[in-house]
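Visitor: Residue numbers (UniProt numbering), protein chains in the order written: chain A, 1 to 287; chain B, 1 to 167.
Since the hints were derived computationally from the structure, they do not count as laboratory data. Treat the hints loosely; a few may be bogus.
With a cut-off of at most 25 Å between alpha-carbon atoms, the simulated DSS-like pairs for lysine-lysine come out as follows [to be verified]:
1. B:K108 / B:K78
2. A:K71 / B:K78
3. A:K71 / B:K149
4. B:K31 / B:K146
5. B:K149 / A:K35
6. A:K102 / B:K92
7. B:K112 / B:K146
8. A:K102 / B:K51
A short, non-exhaustive set of chain A residues, derived as facing chain B with CB atoms under 8 Å [stated by the list, open to error]:
9. K102
10. V251
11. G252
12. T261
13. G279
Non-contacting residues of chain A with respect to chain B, defined by C-beta distances greater than 10 Å in every case (computed) [claimed, not checked]:
14. S30
15. H99
16. F253
17. I262
18. I269
Virtual Cβ for every residue (Gly too), placed ideally from N, Cα, C.
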Amino acid sequence: MGETVDSVKSIQIRQLLTQAISLGMIVTSSLIIWKALICVTGSESPVVVVLSESMEPGFQRGDILFLHMSKDPIRAGEIVVFNIDGRDIPIVHRVIKVHERKNTGEVDVLTKGAHPTKKSLRDETLEDYEDLQLIFEQGLATGKNAIGLGDDTDAPTFGAKDDEPFELDPRSFGYAEKEGSQASGFLNSTLPRSRKGPSEKQPLKKRAKGVEGGESSNSNMDGDNNPGDDRLLYAKGQLWLHRHHIMGRAVGFLPYVGWVTIIMTEKPIIKYILIGALGLLVISSRD
Amino acid sequence: MHSFGYRANALLTFSVTALAFICAIASFSDKFSNQNPSAEIQILNINRLKKQSYGNDEVSLTLDISADLQSLFTWNTKQVFAFVAAEYETSKNSLNQVSLWDVIIPDKEHAKFRIQTSNKYRFIDQGHNLRGREFNLTLHWHVMPKTGKMLADKIVMPGYSLPDAYK
């Protein structure tokens, strides 16, 4: 009797161990595949999920991007994923300006979002831009004009394009309702915008006159849906991106698949349910 | 072996694999399309060439851009992102690319267009190198597929230049 119990117990222990090991194998082999992908693509994060709508209509929220980081130089028009110091979520935007140094080959890059044809984008981004405006006011702007009311640039000015802050379209920062909207069609000829808006515009305008960094390589980038460039998103005082900020270039794209990750991040209970169900499946598959 | 769990698992695995395969094939089919886009850009006017108060040169110009990108659209194309960049070399920088204007083309009908516009983004140099500078205007396009690999190409139009003095 005692022997039967012992033999039954030992079989159960062996099965348990076998299952634990096979579970471990599954986990470690997926880890191996992930690390191999990192090596092959040269990017720390070879697959990313698009979280914001700043690249619509090209990339919707929930799409997956495949990244690759080759030694090729960064060129205008590429869609890159980059990290800003102090922010943990990388950003996917498009390069609009490239300045490459002769001697070192290093690169200055500026990026950008896209066109604000969607009113919801203007309203939704307001929160972030208010924060960014605080950062902006503290340090990036230098100039003779104070931030305030009654600047002479409030008057309508036709044709003086050098005063026009094309990059800094305040429409996108949620001020459009006050100025009278200028919804831009898909292909509009951009005559200079004549009306200067209320004083909230001044801080944004000052950013353009801020100190131009003359540092080595810079990248300027854009998301396809924001009218201004990304300097507001960079770290304080940073005007350009450099190669080490960039995690990879987007080379491929799969729609909708990323929603799984978004749902699991925003509702972690689903993650626990899934893991619990998987665990149950493994344990119950003893036969 | 015939429980609900196993069947659901097998079904899910198979459908995901099949979908991935179909996406890959859709992307692969893009290789077989003949593409011959064309474009022409004229500079209508150089509105301003000035030195900004804190140092760098800036240009404002009006362009006449006409292009026919209809052959880039296939059944797997979601949109085409096209932009015009000024490219030039300076003594300090081996390459400068400044995007002047861009557009998102959602379908084939909009892909043949002609537009006269001033530059959407500011053309600012790092330094004072723009007087008398010769530059290329390049029309780049990025084809964003419904699924799969993104393609990018360009047409380089050389021979444009800026005035010799600030104006």
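Visitor: Does each hint hold? Answer for all of them.
Guide: Results of checking the hints against the structure:
The straight-line distance between the Cα atoms of K108 of chain B and K78 of chain B is roughly 10 Å, inside the 25 Å bound, and the hint therefore holds. The straight-line distance between the Cα atoms of K71 of chain A and K78 of chain B is roughly 28 Å, outside the 25 Å bound, and the hint therefore fails. Taking the CA atoms of K71 of chain A and K149 of chain B, the gap is near 19 Å; set against the 25 Å cutoff, the hint holds. The suggested pairing of K31 of chain B with K146 of chain B holds, with an alpha-carbon distance near 14 Å, which does not exceed 25 Å.
A C-alpha spacing of about 22 Å is found between K149 of chain B and K35 of chain A, which places the hinted pair at or below 25 Å, so the restraint holds. For the given pair, K102 of chain A sits about 6 Å from K92 of chain B by alpha-carbon distance, which is consistent with the 25 Å threshold. A distance of roughly 21 Å separates the Cα atoms of K112 of chain B and K146 of chain B; the hinted pair therefore holds under the 25 Å criterion. The hinted pair formed by K102 of chain A and K51 of chain B meets the criterion: a straight-line CA distance of about 23 Å does not exceed 25 Å.
The beta carbon of K102 of chain A is positioned within 8 Å of a beta carbon in chain B (closest approach about 4 Å), and the interface hint is therefore held. Look at V251 of chain A: its Cβ gets to within about 6 Å of chain B, closer than 8 Å, so that hint holds up. Because the beta carbon of G252 of chain A sits about 5 Å from the nearest beta carbon in chain B, less than 8 Å, this interface hint is met. Hint on T261 of chain A is violated. Least Cβ distance to chain B is approximately 15 Å, over the 8 Å limit.
Violation of the interface hint for G279 of chain A is found here, the shortest Cβ-Cβ separation to chain B being roughly 13 Å, above the 8 Å cut-off. Distance to chain B confirms S30 of chain A as a non-interface residue, since its nearest Cβ pair spans about 15 Å, more than 10 Å. The beta carbon of H99 of chain A sits about 5 Å from the closest Cβ of chain B, which is not more than 10 Å, so the claim that it is off the interface is violated. The claim that F253 of chain A is not at the interface with chain B is violated, since a C-beta of that chain comes within 10 Å of its own (minimum 6 Å).
Even its closest Cβ contact with chain B, about 18 Å, leaves I262 of chain A beyond 10 Å, as expected for a residue assigned away from the interface. At the 10 Å boundary, the C-beta of I269 of chain A stays outside the reach of chain B, the nearest C-beta of that chain being 21 Å off.
Comparing the model with each earlier hint shows violations of hints 2, 12, 13, 15, 16; every other hint is respected.
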